[in-house]
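Undergrad: We have chain A; now place chain B onto it with these hints.
Here the protein sequences line up with chains A and B, keeping their order. Taking my numbering as reference, the numbering of the first sequence is continuous, increasing by one, and the terminal residue is 537. Taking my numbering as reference, the numbering of the second sequence is continuous, increasing by one, and the terminal residue is 1231.
It should be emphasised that the hints constitute simulated quantities derived from the structure, not laboratory data. One should not assume that every hint holds.
[What the hints assert, rightly or not] Calculated Cβ distances over 12 Å to all of chain B for the following chain A residues:
1. Met184
2. Arg207
3. Phe318
4. Met499
[What the hints assert, rightly or not] Stretch-level coverage of chain B by chain A, calculated; a stretch enters the list once three of its residues show a Cβ under 8 Å from a Cβ in chain A:
5. 1043 to 1049
6. 1118 to 1126
7. 1157 to 1168
8. 1206 to 1218
[Stated by the list, open to error] Only pairs whose alpha carbons sit at most 25 Å apart, straight line, appear in this in silico BS3-like list of lysine-lysine:
9. B/Lys1025 - B/Lys1040
10. A/Lys168 - A/Lys131
11. B/Lys1025 - A/Lys529
12. A/Lys494 - B/Lys1199
13. A/Lys154 - A/Lys168
14. A/Lys288 - A/Lys398
15. B/Lys1040 - B/Lys1030
16. B/Lys1220 - B/Lys1040
17. B/Lys1199 - A/Lys501
Glycine included, every Cβ here is placed at the ideal spot set by N, Cα and C.
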Amino acid sequence: MTLRYSRQKIEAALQLLAEFEGASFPHTDSTKAVEELKALLKETSKQIGANAASVLTTQTEMEATTLISEILELLGVISNSANVRNSFEIHGPVHDLISRLLGDERAKFIVSFEWNYIPYTYPQTHPCLPSFVIIGLPASEASNALVLPVIGHELGHSLWRSGKFKSQFEAEINRSIIASIKGSYKSQYEAIFRRFGISADRCDEYQNIGTWSDAAEYAFSQVEEIFSDFTGLFIFGGSYLDSFEYLLSPALSPERTPDYPPVSLRAEHLRNYANKIGVAVESDFHSRFENQTNPFRSDSNDQLQMDLADEASSALVSSIADHVFNTCRGRGILPPSGDETNAILEMFLLGVPAEQTAGFGAILNAGWSAFKNASFMPKNNDADRIAAINELVLKSIEVFEIERMTKRDPKAKRT
Amino acid sequence: MILKRSVLKDALQGVGEFKDDRLFIIPLLSAISDKNLGNASVDLRLGRWFLTLQQSSRTQLDFFEPKKNQEKSLGRNDFIRFDSYYVLHPGRFVLGSTLEWIRMPTSCAGSIVGKSSLGRHGLIIETAPVVHPAFSGSLTLELANVGEVPIALRPGMEIAQLQVMRAEGEGQDTGRFKGYRRPTLGSVSTDPIQQRLIKGRYSPLTKSST
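Next up, chain A with everything else stripped away, as it sits in the complex (with noise of 0.2 Å):
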């Protein structure tokens, strides 16, 4: 019976997928995702039937019923890729972007938004569709352009992962652990050790006992982070900074998670390492964000693995800059310049979107300057402010790419 039902749900799952064929989207990549979750469903299908009277037939029903539920995800994120509330106009040239900063030229995007408050990503990683990187933003800012410099640390994630950053910085990470535990965290260990008969100095030959493996895995999600808060500050400099203000400050909650450090500790990062690539920031940028309270008592275990973690992250935040700068560098990718985005500020102060920009990460930095700049509609409210700076920042990225696919030379004469 359960081979019956499992052809029926894969069948229904198919259904849908043909409707989704149908659907107009703005852009090719997301038809291009419908189309290879059906081709990986139809796969599955012809297993089940390959299987139907093999000892394997229940390991394919559960794959099946895994992978519907998954691709149901992808399908609800690439639905909303269609609503108007997008900033279609970003599409090509973020596409642009991804392919060099991943080396990728057949690296597909999709950008959508989700009924979440956290932007989120799918980094090319994902089993179902492994060239896409799938960007979310929150539904209530999906139309907002000024927060789309976050997509600078989504990105980031992909990075992390289509590199050799993750085995290297694993290695780092348990070096820094192991370091600690012989170090500051000497006598709290060999408490602990003693309990297994084991002294603190042998504490890198006993991971899997579980002792600090927690922490490993906490500074790993936490270097991660900062590796991507990094990416997008050197790609869209000092609006990734505002946008980051803007979406988490204060503080997503009162208490931090051990994943992440703690958003203050993230702030002072960046505003440290901005100053390192010429990107503007005031001193006080950090003190913006809410001191957030630990999660576990001050004597538990969890506390000592989110300590060792924090204390392991913290010492790798100059060789997290290193590699991502460098990386960025390598590729052909430059923080936006400051002259520049002054150039397409004095545009959005008369009214009319930039052209002949060299990168929209320019454009999104003018944008917010004009949100600051007190002669830019000083008579309105933020509301209507936005409005119009959101119209001014979309039409000059439409027209930075319309200039690319048009190969106009900006030495030519204009008219």
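TA: This is chain B only, laid out in the frame that chain A set:
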């Protein structure tokens, strides 16, 4: 007086009398081929956004009543890729916009005219052709197919011409930050004279004019 090619160039480059009050047409794709800059007009292209009026449960559109969120309830936005097209069927109407963002100098007004070659095939473009001094934004185009066969509207296609003429005297200009990149329905402002006409003998105008 319509600006001819040499003065149009000055207006676009912001030189001479237009030094502090330029004409912006962004992107000015005519720079790719000078042929677009006609003797006394600039060719404009079709943008990627369309606004289709939808069937509605409303019994009528009464422009006398204050309108709130009219566009949200009446129209559906579509974004069409450059490699795709919007099909306008015979007898149907859609709003499009120019690909170009235009900002008129305060000293000039504009007039938008559909391409005659398209009009001869049944595509009627724009029935409210005046572009006011200091207007800023993409122009909303009223597109109707009065022909016999469906017409593929391709973003990027040349669709209209903009003529620019001098505007003299003083007057209140359109706000420079009111522009949109997408077509808009706009709203019909309430006319106080019409209000008085409708209210008839109860209107203050009538009372004071005995």
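Undergrad: If a hint holds in the structure, say so; if it does not, say that too.
TA: Verification of the hints:
no.: 1; hint: Met184; verdict: holds (40 Å)
no.: 2; hint: Arg207; verdict: violated (10 Å)
no.: 3; hint: Phe318; verdict: holds (62 Å)
no.: 4; hint: Met499; verdict: violated (5 Å)
no.: 5; hint: 1043 to 1049; verdict: holds (count 4)
no.: 6; hint: 1118 to 1126; verdict: holds (count 3)
no.: 7; hint: 1157 to 1168; verdict: holds (count 3)
no.: 8; hint: 1206 to 1218; verdict: violated (count 0)
no.: 9; hint: B/Lys1025 - B/Lys1040; verdict: holds (18 Å)
no.: 10; hint: A/Lys168 - A/Lys131; verdict: holds (14 Å)
no.: 11; hint: B/Lys1025 - A/Lys529; verdict: violated (28 Å)
no.: 12; hint: A/Lys494 - B/Lys1199; verdict: holds (19 Å)
no.: 13; hint: A/Lys154 - A/Lys168; verdict: holds (21 Å)
no.: 14; hint: A/Lys288 - A/Lys398; verdict: holds (24 Å)
no.: 15; hint: B/Lys1040 - B/Lys1030; verdict: holds (12 Å)
no.: 16; hint: B/Lys1220 - B/Lys1040; verdict: violated (50 Å)
no.: 17; hint: B/Lys1199 - A/Lys501; verdict: holds (13 Å)
Comparing the model with each numbered hint stated earlier shows that hints 2, 4, 8, 11, 16 do not hold.
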